[in-house]
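Could you put together the complete structure from these sequences and hints?
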Amino acid sequence: MPKKERPSRFHPVSHTMQTVEVPTEKISPQEQAEAWEKIAHYFRANSLWMLNYCTGCCAIELPLVMTSQYDMERLGMMPMATPRQADILLVTGYASLKTLRRLIYTYEQMGTPKYVVAFGPCAVNGGIYHDAYAVLNRLDLYLPVDLYIAGCMPKPEAVMNGFKRLIELIESGQATGWKDYERRFDWYKSNQLEAVGEVYIHDEFHE
Amino acid sequence: MNALQSIGTGLGMALFGWLLQTTISGVTRKVIARIQKRRGPVWYQNFRDIMKLLNKRSVTHGWAFDFGLLVALAGAIGTAMFMPVAGIVAFKGFDNFFMIIYLAALGVFGRALSSGSSGNPLATIGVMRGLTQNIGYKVPYMLLVIALISYYRTSSISEIVELQRVSGWSVLVMPLGFVVAFISLHGMLGKKPFDTYLAPAEIASGPLVEYGGKQLGILMIAHELSVFIEVSLFVNLFLGGGATLPEFLLKYAFIYILSSSLGAVMGRFRIEQVVRFYYKVPIALTIVQILMLAVMRGGVR
Amino acid sequence: MTNSMNNVKAPLLAQIGALFPEVRLKKDRDREITFEVQPRDLHQVLTYLKNAGWRQLSMISCVDWIEDGQFELVYNVFDWTQGLRVLLSMKIDRGEAQAMTIINLFDGAMYYEREIHEFFGVVFLGNEDALKSLFLERWDDIPPLRKDFDSRAYSDKKYVKRFYDPVYGPQGGASFERS
Amino acid sequence: MSEVKLFFGPQHPGMHGNASVHLYVEGDLVKKARLVPGMLHRGFEKSMENHTWMGNLALIPRVCVAEPDINEMVFAQGLETIAEVEIPERAHYIRMVIMEMTRILAHMMSLGALASPTGLYTANQWMQADRNNIQDLFEAITGHRIYHMYIVPGGVRKELPQGIETRILDFFTEFERRMPEYHALIFENPTIQARLKDNIMLPEFVVWELGVTGIGMRSAVGKPYDVRKVTPYARYDKVDFEVPVATYSDAYTRSVMKYYEIKESIRIIRQAFDMMPQGKVNVKIAPGNALKWTLPKGQTYSAVESARGEFGYYIVSDGKTQPYRIAVRGASFPQGFLGVERYMPGVRLDDAPLWYDTMGICTPEIDR
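Chains as they are written, first to last, in the working numbering: chain A, 30 to 236; chain B, 25 to 325; chain C, 91 to 269; chain D, 9 to 376.
These aren't lab readings, by the way, just hints derived from the structure by calculation. For every residue, glycine included, the Cβ atom is placed at its ideal position computed from N, Cα and C. It is possible that some hints are incorrect.
Claimed, not checked - Heads up, simulated SDA-like pairs for lysine to any residue below, C-alpha to C-alpha not over 25 Å straight-line:
#1 A/Lys193 - D/Asn141
#2 D/Lys300 - D/Glu167
#3 B/Lys238 - A/Thr205
#4 D/Lys231 - C/Tyr138
#5 A/Lys218 - C/Lys251
#6 A/Lys193 - D/His152
#7 A/Lys208 - B/Met75
#8 D/Lys39 - D/Ser10
As the list claims (entries may be wrong) - Here chain B is said to cover these stretches of chain D; the calculated rule only asks that three of the stretch's residues, wherever they fall, bring their Cβ under 8 Å from a Cβ of chain B:
#9 17-23
#10 130-137
#11 200-206
#12 357-366
Below, the structure is given as structure tokens:
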């Protein structure tokens, strides 16, 4: 069914992806794969499992989105217990350095394709905590963010709207943050190393 | 009927079982959503979930992880092939209760092997809990089914279905037993309060903790199939199966949705509460039921 | 209200004055009395207060008086039956910030002391647990709540800021190009 | 089975908020446990020193996310104490309405959060839906759903909107009519009772040892040790309300007490609207531009009763435009740290999330 073209008010988040032009011959394996990808995008878009991890205060509105009033399950979204099962990582608000370490570990455990949604201004530029010593300013240096949802904190309506937008992006194949992460892995890794250092598992008991 | 035809019918039965159960799961999600005063997903949501999972990349945790999964899937398909539904039997004469129980154990074994080898302590705890719970509900259930088999003097499920058509459903023969079997089924399906081995909030969905992508998709297919086996076994044994397909579907949907809806308004037991519960109430009820049955039959003679 | 509290306050003030001559009344608010104590008196005063009904340690906080070269530790105890709060303010030297722990009197002090050690660098003798880091992971600067620690400068140094180059006009809006 | 190390959190469905408990588990029994906070540490106490007295208003509600208004209340109250100003009578009553509404919000959050450790998700679905209605009321009063910044030093920010009184009272009448439904779903549910009753005890000596306040204290000690009663602030000494107490503190008692506190809060809201006089709603606590206010030198500890216990700020002013130091006493600090370390060992792994939940631990206020 052809979708009605409608000017979007949103600026798609650009990942500076370079599309490689393939010379068109018969039906190459790559084209087959692309055709299948289009079908796969439909399933991905309509069955988004989010990771049950609240990193910051924007998560306080998430229960409302999940439950009866806004009912995220209508869109096929469900909270999931572990990163392996999840598709979306929600960075709900500011990320402190200690959280960032956990976020990176979590993100890398998730299977591709995976998407990152960042909430609030804190993930964009630090927001109200821009001068705090424990909170990092830009999330997109460390993780590829597919969608930002504005508001401090975003209202449930805004969150639902954002999720709808994410679904649109995935369906049209524009949510390619995970590909960007694979492509510029070294760049992301060097940023991460700069911020949180080497892999380090904290053990409170020091044993 | 030649062997090829039988196998074809069996595979068709497994496919039918999967489609049926996945649809009913989606419908159940909607029913639970209505209990929780919300709209819920579309009825084919579970198909979308499975398709998405099969389109996802994932990691493996060694060959046992994948092999166990295939064993689980093969066990589930194999068991579903033997299940008589509405008079259709793929392998005539082989639709024995014990056959199905043994084959179903293969699926459980495969799943335990797979998730146990993932190396996550939460998965190990989940598997331990799952097996403990398995013992919990299996004891009263098996006692009951053996009583049923001795009552009908056959262990073939299609014959039991036939006999029920003559003498009335087994519910009427053993009403207490029906309650026990339903409680056991509730535990088999892992509905609350017996979802201790999954317990997302305690052990992060237990055995499933390390699954993602394709493996989780395969596991979901195997899970839907095993639910199909459990529920249709229950319908066949206690509710007289079904002469026609709609009759069977109606009973099937009723039992599954009832169990799920009950689960929606209940909390979760701790594992030792689960086992204590199963060893107290259902076993006592089963013994009373068997004695009643013996007295009844003795009285008739 | 002040009148009703006087019959509670008067005996306390008299007792404290008689028992601990070096303890000085600093501030007397409605339901809150602040004493200034010397480090050597602290344990006796706290013991007396604990036995006299101030059974709950509400919090320990620390103030950095950088101009005087002192840390002020404030012990905050509360009596639930009489509804009177007592604050004990104790000054210690900022250069060699050390104080005796009070975990033998109030177990709840353990983590307050650990927090103060992390944020101010005050060492609590006798509470070895307090030397470990609590909130911060791999902290690489002076304790952050000291007055000579500049939060903004640290943030500027450590975290990459987003650079805005707004282009006003039809295409307006902030530039979201990645660096 | 030998000891297994488990991370309960930060990414864990049973964990509310971004914190972690490191557990050593033997079989099903927790052997060692310790809270690892700091994932939500934003350095509030430092940031507050860099903002003006009024500028801090935007910052403080964010200390505790589930119940933001207590922060505004302690802050405003402390500043009024230091500046020695009396605020208008009407403002006191409006503050009480706001405080009780936010208390209801927090209690409903924690009753709904009982869902995940016990598995009764239906309770959470219903509770959150009603929380949304209360947040809509807040939006009508203050303009924001979560962080209201409504209680300001010197009173409240602005007059209540027209007709909000009937809207609030109508909602709570309707809500009270539905409360037995919640009681039947949660507290009369045999499976929930099996999980909560005689489980996760908090004896009286532990209360004094840790310094637990709030519901934990009252459920064990059996006396109305509530800041609202012991040192009344606002006009809590004028309204008639009761504080539920108990002497046997298991998880069930602590949960059901939240239910009764919601009832009492609704009573307080009704009385506050009855007794509310007309008049101004705010005064200036210092002359001049609000962003250039200076306060006299002084220090005070200001405390209110939050949903989890005594919540307080220790405020130091050195006579400048910015606070010299603000120290936050998170209400769940004692049970969050020492409680987890000493008393979570011994419970079953199944009950560890329940322990964390029913002790009323709010991570953001621990981390700050």
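Against the structure, the hints:
no.: 1; hint: A/Lys193 - D/Asn141; in the structure: holds, 23 Å
no.: 2; hint: D/Lys300 - D/Glu167; in the structure: holds, 24 Å
no.: 3; hint: B/Lys238 - A/Thr205; in the structure: holds, 20 Å
no.: 4; hint: D/Lys231 - C/Tyr138; in the structure: holds, 24 Å
no.: 5; hint: A/Lys218 - C/Lys251; in the structure: holds, 18 Å
no.: 6; hint: A/Lys193 - D/His152; in the structure: holds, 23 Å
no.: 7; hint: A/Lys208 - B/Met75; in the structure: holds, 21 Å
no.: 8; hint: D/Lys39 - D/Ser10; in the structure: holds, 11 Å
no.: 9; hint: 17-23; in the structure: holds (count 3)
no.: 10; hint: 130-137; in the structure: holds (count 4)
no.: 11; hint: 200-206; in the structure: holds (count 3)
no.: 12; hint: 357-366; in the structure: holds (count 5)
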